[in-house]
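One-letter residues, chain by chain:
2 protein chains.
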Amino acid sequence: MTMRPFTSTISIDEAHAIIEAGVSPIDRIESVPLADARGRVLARDVVARFDVPPFDRASMDGYAVVAADTAGATREQGRRLELIGRLYTGDVPTVTVTPGSCVEIATGAPIPLGADAVIMVEETAQRGADVELFTSVRLGQNIGPRGADIAVGDTVLRAGQVLNASRIGALAALGCADAEVWVRPSVAILSTGNEIAELGRPLAPGQIYDINRYTLAAVVAEHGGAATAISTARDTVEALHQAIDSCLGHDLIVFSGGSSVGERDLILDVIRERGEVRFHGIAVKPGKPTLFGMLGGRPVFGMPGYPTSCLSNAYILLVPALRRMARLPSSAPRRLTMPLAARVASVAGRHQFYSVRVEDGYAVPAFKASGDITSISRADGYIEIAMDVTVVEAGTAVVVTLF
Amino acid sequence: MTMRPFTSTISIDEAHAIIEAGVSPIDRIESVPLADARGRVLARDVVARFDVPPFDRASMDGYAVVAADTAGATREQGRRLELIGRLYTGDVPTVTVTPGSCVEIATGAPIPLGADAVIMVEETAQRGADVELFTSVRLGQNIGPRGADIAVGDTVLRAGQVLNASRIGALAALGCADAEVWVRPSVAILSTGNEIAELGRPLAPGQIYDINRYTLAAVVAEHGGAATAISTARDTVEALHQAIDSCLGHDLIVFSGGSSVGERDLILDVIRERGEVRFHGIAVKPGKPTLFGMLGGRPVFGMPGYPTSCLSNAYILLVPALRRMARLPSSAPRRLTMPLAARVASVAGRHQFYSVRVEDGYAVPAFKASGDITSISRADGYIEIAMDVTVVEAGTAVVVTLF
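Quick note, the sequences are listed as chains H and Y, same order.
Just add 77 to the spot in the first sequence (first one is 1) and you have the working numbering.
Just add 77 to the spot in the second sequence (first one is 1) and you have the working numbering.
Source of the hints: derived by calculation from the structure; they are not laboratory data.
Just to be clear, a hint being listed does not mean it is correct.
Restricting the straight-line Cα-Cα distance to at most 25 Å, the calculated cross-link-like pairs of lysine to any residue (SDA-like) are [to be verified]:
{"#": "1", "chain 1": "H", "residue 1": "Lys362", "chain 2": "Y", "residue 2": "Lys445"}
{"#": "2", "chain 1": "Y", "residue 1": "Lys362", "chain 2": "H", "residue 2": "Pro131"}
{"#": "3", "chain 1": "H", "residue 1": "Lys365", "chain 2": "Y", "residue 2": "Arg152"}
{"#": "4", "chain 1": "Y", "residue 1": "Lys445", "chain 2": "H", "residue 2": "Val124"}
{"#": "5", "chain 1": "Y", "residue 1": "Lys445", "chain 2": "H", "residue 2": "Gln218"}
{"#": "6", "chain 1": "H", "residue 1": "Lys365", "chain 2": "Y", "residue 2": "Tyr165"}
{"#": "7", "chain 1": "H", "residue 1": "Lys362", "chain 2": "Y", "residue 2": "Glu200"}
{"#": "8", "chain 1": "H", "residue 1": "Lys362", "chain 2": "Y", "residue 2": "Tyr165"}
{"#": "9", "chain 1": "Y", "residue 1": "Lys445", "chain 2": "H", "residue 2": "Arg215"}
{"#": "10", "chain 1": "H", "residue 1": "Lys445", "chain 2": "Y", "residue 2": "Leu276"}
{"#": "11", "chain 1": "H", "residue 1": "Lys362", "chain 2": "Y", "residue 2": "Gly224"}
{"#": "12", "chain 1": "Y", "residue 1": "Lys362", "chain 2": "H", "residue 2": "Lys445"}
{"#": "13", "chain 1": "Y", "residue 1": "Lys445", "chain 2": "H", "residue 2": "Val441"}
{"#": "14", "chain 1": "Y", "residue 1": "Lys362", "chain 2": "H", "residue 2": "Arg105"}
{"#": "15", "chain 1": "Y", "residue 1": "Lys365", "chain 2": "H", "residue 2": "Ala225"}
{"#": "16", "chain 1": "H", "residue 1": "Lys445", "chain 2": "Y", "residue 2": "Asp122"}
{"#": "17", "chain 1": "Y", "residue 1": "Lys445", "chain 2": "H", "residue 2": "Asp128"}
{"#": "18", "chain 1": "Y", "residue 1": "Lys365", "chain 2": "H", "residue 2": "Ala202"}
{"#": "19", "chain 1": "Y", "residue 1": "Lys365", "chain 2": "H", "residue 2": "Arg215"}
{"#": "20", "chain 1": "Y", "residue 1": "Lys365", "chain 2": "H", "residue 2": "Thr175"}
{"#": "21", "chain 1": "Y", "residue 1": "Lys365", "chain 2": "H", "residue 2": "Gln218"}
{"#": "22", "chain 1": "Y", "residue 1": "Lys362", "chain 2": "Y", "residue 2": "Ile95"}
{"#": "23", "chain 1": "Y", "residue 1": "Lys365", "chain 2": "H", "residue 2": "Ala94"}
{"#": "24", "chain 1": "Y", "residue 1": "Lys445", "chain 2": "H", "residue 2": "Glu97"}
{"#": "25", "chain 1": "Y", "residue 1": "Lys445", "chain 2": "H", "residue 2": "Thr232"}
{"#": "26", "chain 1": "H", "residue 1": "Lys445", "chain 2": "Y", "residue 2": "Ile95"}
{"#": "27", "chain 1": "H", "residue 1": "Lys445", "chain 2": "Y", "residue 2": "Phe127"}
{"#": "28", "chain 1": "H", "residue 1": "Lys445", "chain 2": "Y", "residue 2": "Arg115"}
{"#": "29", "chain 1": "H", "residue 1": "Lys365", "chain 2": "H", "residue 2": "Asp457"}
{"#": "30", "chain 1": "H", "residue 1": "Lys362", "chain 2": "Y", "residue 2": "Pro131"}
{"#": "31", "chain 1": "Y", "residue 1": "Lys362", "chain 2": "H", "residue 2": "Ser213"}
{"#": "32", "chain 1": "Y", "residue 1": "Lys445", "chain 2": "H", "residue 2": "Gly230"}
{"#": "33", "chain 1": "H", "residue 1": "Lys365", "chain 2": "Y", "residue 2": "Pro222"}
{"#": "34", "chain 1": "H", "residue 1": "Lys445", "chain 2": "Y", "residue 2": "Gly230"}
{"#": "35", "chain 1": "Y", "residue 1": "Lys445", "chain 2": "H", "residue 2": "Asp457"}
{"#": "36", "chain 1": "Y", "residue 1": "Lys445", "chain 2": "H", "residue 2": "Phe127"}
{"#": "37", "chain 1": "Y", "residue 1": "Lys362", "chain 2": "H", "residue 2": "Gln218"}
{"#": "38", "chain 1": "Y", "residue 1": "Lys362", "chain 2": "H", "residue 2": "Arg223"}
{"#": "39", "chain 1": "Y", "residue 1": "Lys362", "chain 2": "H", "residue 2": "Gly230"}
Go ahead and model the full structure; you've got the sequences and the hints to work with.
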C-alpha cells in the first residue's frame, strides 16, 4: 500500500458548491395513485376543471328559506313557514321554495331553487306541517356558494409542492385519482471493505457489522430517495469494478469505506479510472475523507467508513444534494433555535457536526467520538459549528436540525 | 327524517379524556427487517451481547507504535522506526510491535499486539524500510478501544424509541438483522353518504368527490397507523351494517359523514345499536358533530363529512389517539412558537382549529371556511385557539403545529 496523505482539504462551502454543480433535479415524471402520493413532490400545476363545491349547498343543517321571510323573527315572536320538502345530502332538488315555504336541508345538500338562505335547525321548532323560526337570516347566510372553495380555472396546487394530507385532499376534491409527481431519485448504496460483515452472521476476527448500508438507506428514504443496497464489495479492483457496474443504473451512487488514505485507496483509483473525482477531503469533523465525483454522468459520494462520520456527512452533504435531486424544499422546518446547555469546544480549521439532545428547550451536547454510533443514536439532532469557531459557550443560541 | 339538534357539546379537554380512556397502546409485537424499520417503535430494550468495536482499532491512518518510542520526536528532529508489517482494515494482526518497530495501519484495523498508540500518517515520512516520525504520541492515542462505543451489557436502545437512521445504525452495529417493533395499529377508514362519488368518475348532480378517505389515510400513515380504505357506504341501515362488519378486524375505525344532525343520523343509530357512543358533539370549530364510541371493543371515530372539519378534527383528536395506540411520542418536535402576523377573531365557546402559513418567521392566518379544503392545503400548519379566547392580536406568540 502507498498511503497518500490528504494534501489539501476544501471547506464545507466549497464542497456544497461542487456538489450542487454536479447534481441535477430529477426530470422524470410518474403518475401515482392518490393513496400512495403522500410525501411525493407534485410535478405539474393542478388547475380546477370545475367548481368546488359544484353547486350552492347548505353549510348547516336546517331549513332552506327565502331570507326576507325571516325578517324580525325572535325566540319570543317566531315566524311560521310551511314545510314543503326534504333534501338529504346527495339528493337532487326537485321542489322550489316560494315565499311562505321552506325545505328541510342537510349540511352539504344542494340549495333548492327559490331559497336564498338556510336557517340552522337549532333556531327552529317543528309545529305540525309548519316550521317555526326564532331568528332572522340574511341573504346567502349558511349557504356555501358554488365555487367558494375552488373556482374553475383556479390553480389549486403548484408544481414543487410536497403532497401532505390536505393537498392530497385538494386533488381528491378535483376528482384526481392519480397525482403527477417527480420520480424519486434512485440511490445505489454500497459498503466496501474487507472488514464488513453481513448482519445476522457471527463476526470473524477483525470484522465489524455493516452499519452504513442501513443508516444511509434510512437517510435516503427520509429525504425523498429510493434506496437500493448493492452487495458489500471487498477491497479488490475487480470486486469494486463489478460493484460499480451494479450501481450504474441509478441516479446517484453512495458508497462508504475505502476512501480514507490508509485503505489502499482502491475505490479512489477505480473512480478516477472510470469517471472523475471532483473533491477528496473536506475540512469537516467528523468525516474528513469524504469524496465526490461523477461516474457515467451520475454523481457519486464516497463516505468515510466510520459509521458516525458516514452518517454525519450524509446529513450535511448528501441530504441537501438528494433533496435537490428529488425537488424537495430544503429541510428548514426541521430546524429549531434554542440555547446550548453546555460549552462545546471545536477544532479550528474544520467545520464540525455536533450531535445534541433536546431537553427542556435546551440543546444538550451528545457527542462522543467519531466512530461511535451511540453518540448519534442518543441524540435528537445536530448543530453545525463553523470552521473558524473554536468554542461555543453555554447559553449561545444554536440552530438544531432534527433528525 | 327527524333532525336531532345537539342538546349538548363537550369541551375539547373532556373529549381528549374520553378518547384517552377508550384507546389502548397496541400490545402486539412483530419483527421487521432492519431495512424496513425506519419510523417504527422499538418494542424491547436492546442490550449489547458483545463489545463494539469488538477489538482495539486504529482511529486514524498511520503507524501502530510503542508510544514511548515517540517521545521527543519533532519535525526538526524525527525518530525512525523499522516498518515490520501492514494491517489493512479487516485484517487479523499476526505481527507483534516491539520497541523500535512499527506497523502501518489503516483506520478501523485491529491494533497489533505490543502497540499502544497510533501516529497519524500526516506526521510521518517513509525512509526506505524505516518510517520517520515527526511528533510524539501518548499512550492510547488514536486508538479506539474495544467497547468504547458500546460495552457488552449496555442498554443501547430502549423500548419506545422511534427508529431513525442512527438508531437503525446502532442495531446494525450489534448485528441485529431485524428489529422487534410494536405492530402499527390498523385503521379502517370509511366514507359514508349518498353524495360521495369515487375519484376518476364523472360527478352526478348533487355529488362531490370523496376527499376524507384520502386525507384521513394520509394522516393515519403519517402518525404510525396502517390505513385500510373500506368501500364508501350509502346511507342505508343495511349498507352501514355491512360496512361496519368490514371494519371489525381493525384496531381503530374512523368514518366520516353521517354524524351531523341533518343526515338522518343512521350511523349514530347503527353505532348505538351495535356498540356505544361515548360522546357526540364537541365545542370545536370547525367540526362540532364529531363522535367517539366503541364498536366490538374497538374505538371508533365519527368525523364530520365536511373535508376541512374532518381533517382538522383528525389533527386535533385522531392524531393523539393514534400516536398513543402506536406508542409514538407526542408530536412536540413539530411545534414551533412564533408571532401571529395578523389579528384572528374566534368564536366564544368553541375551541378553534385555525390554519396558518409560516412566512418569514410569522404565522400568517390561512383559514377560509370550514368546507374549504384549500384553506388547509395552502397552509403549513395550524394554531389552536382556546374556547374562552375571542381574539388573538397580531404579534401574539402562538404555537404552530406543522402538518
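Now for the hints, and whether the structure bears them out:
With a C-alpha separation of about 48 Å, the suggested pairing of Lys362/H with Lys445/Y is violated against the 25 Å cut-off. Taken as a hint, the Lys362/Y and Pro131/H pair is honoured in the structure, with Cα atoms around 24 Å apart against an allowance of 25 Å. At most 25 Å may separate the alpha-carbon atoms for a hinted pair to count; Lys365/H and Arg152/Y meet this at roughly 23 Å. Between the alpha carbons of Lys445/Y and Val124/H the distance comes to roughly 19 Å, so the proposed pair stays at or under 25 Å and holds.
Only pairs whose Cα atoms come within 25 Å are accepted, and Lys445/Y paired with Gln218/H is accepted, the gap being roughly 15 Å. Restraint check: the Cα-Cα separation between Lys365/H and Tyr165/Y comes to about 19 Å, which is no more than 25 Å; the hinted pair holds. Taken as a hint, the Lys362/H and Glu200/Y pair is honoured in the structure, with Cα atoms around 19 Å apart against an allowance of 25 Å. Distance check on the hinted pair: Lys362/H and Tyr165/Y sit about 23 Å apart at the alpha-carbon level, within 25 Å; holds.
For the suggested pair Lys445/Y and Arg215/H, the alpha carbons sit about 20 Å apart, so the restraint of at most 25 Å is met. For a cut-off of 25 Å, the pair hint linking Lys445/H to Leu276/Y is broken: about 53 Å separates their Cα positions. Distance check on the hinted pair: Lys362/H and Gly224/Y sit about 22 Å apart at the alpha-carbon level, within 25 Å; holds. Note on Lys362/Y and Lys445/H: the hinted pairing is violated, with a Cα-Cα distance of about 48 Å set against a maximum of 25 Å.
Between the alpha carbons of Lys445/Y and Val441/H the distance comes to roughly 41 Å, so the proposed pair goes past 25 Å and is violated. Note on Lys362/Y and Arg105/H: the hinted pairing is violated, with a Cα-Cα distance of about 42 Å set against a maximum of 25 Å. Between Lys365/Y and Ala225/H the CA atoms are separated by roughly 21 Å; this keeps the pair inside 25 Å, and the hint holds. The hinted pair formed by Lys445/H and Asp122/Y meets the criterion: a straight-line CA distance of about 21 Å does not exceed 25 Å.
About 16 Å separates the Cα atoms of Lys445/Y and Asp128/H, which keeps this hinted pair within 25 Å; it holds. Restraint check for Lys365/Y and Ala202/H: the C-alpha separation of about 21 Å stays at or below 25 Å, so the hint holds. Only pairs whose Cα atoms come within 25 Å are accepted, and Lys365/Y paired with Arg215/H is accepted, the gap being roughly 23 Å. For a cut-off of 25 Å, the pair hint linking Lys365/Y to Thr175/H is broken: about 31 Å separates their Cα positions.
For the suggested pair Lys365/Y and Gln218/H, the alpha carbons sit about 19 Å apart, so the restraint of at most 25 Å is met. Straight-line distance between C-alpha atoms of Lys362/Y and Ile95/Y comes to about 19 Å, which keeps the hinted pair within the 25 Å bound. For the suggested pair Lys365/Y and Ala94/H, the alpha carbons sit about 52 Å apart, so the restraint of at most 25 Å is broken. Using a Cα cut-off of 25 Å, the hinted pair Lys445/Y and Glu97/H is violated, with the two alpha carbons roughly 39 Å apart.
Taking the CA atoms of Lys445/Y and Thr232/H, the gap is about 16 Å. The hint holds against a cut of 25 Å. Proximity of Lys445/H to Ile95/Y is assessed by CA-CA distance (about 44 Å); at most 25 Å being required, the pair is judged violated. The suggested pairing of Lys445/H with Phe127/Y holds, with an alpha-carbon distance near 19 Å, which does not exceed 25 Å. Restraint check for Lys445/H and Arg115/Y: the C-alpha separation of about 24 Å stays at or below 25 Å, so the hint holds.
About 23 Å separates the Cα atoms of Lys365/H and Asp457/H, which keeps this hinted pair within 25 Å; it holds. For the suggested pair Lys362/H and Pro131/Y, the alpha carbons sit about 24 Å apart, so the restraint of at most 25 Å is met. Of the pairs offered as hints, the one joining Lys362/Y and Ser213/H holds, with about 22 Å between alpha carbons and a cut-off of 25 Å not exceeded. Restraint check: the Cα-Cα separation between Lys445/Y and Gly230/H comes to about 19 Å, which is no more than 25 Å; the hinted pair holds.
For the given pair, Lys365/H sits about 21 Å from Pro222/Y by alpha-carbon distance, which is consistent with the 25 Å threshold. Taken as a hint, the Lys445/H and Gly230/Y pair is honoured in the structure, with Cα atoms around 19 Å apart against an allowance of 25 Å. Of the supplied pair hints, the one linking Lys445/Y and Asp457/H is violated, its CA atoms being roughly 36 Å apart against a limit of 25 Å. About 19 Å separates the Cα atoms of Lys445/Y and Phe127/H, which keeps this hinted pair within 25 Å; it holds.
With a C-alpha separation of about 18 Å, the suggested pairing of Lys362/Y with Gln218/H holds against the 25 Å cut-off. Taken as a hint, the Lys362/Y and Arg223/H pair is honoured in the structure, with Cα atoms around 22 Å apart against an allowance of 25 Å. Distance restraint check for Lys362/Y and Gly230/H: the Cα-Cα separation of roughly 30 Å exceeds the 25 Å cut-off, and the hinted pair is therefore not satisfied.
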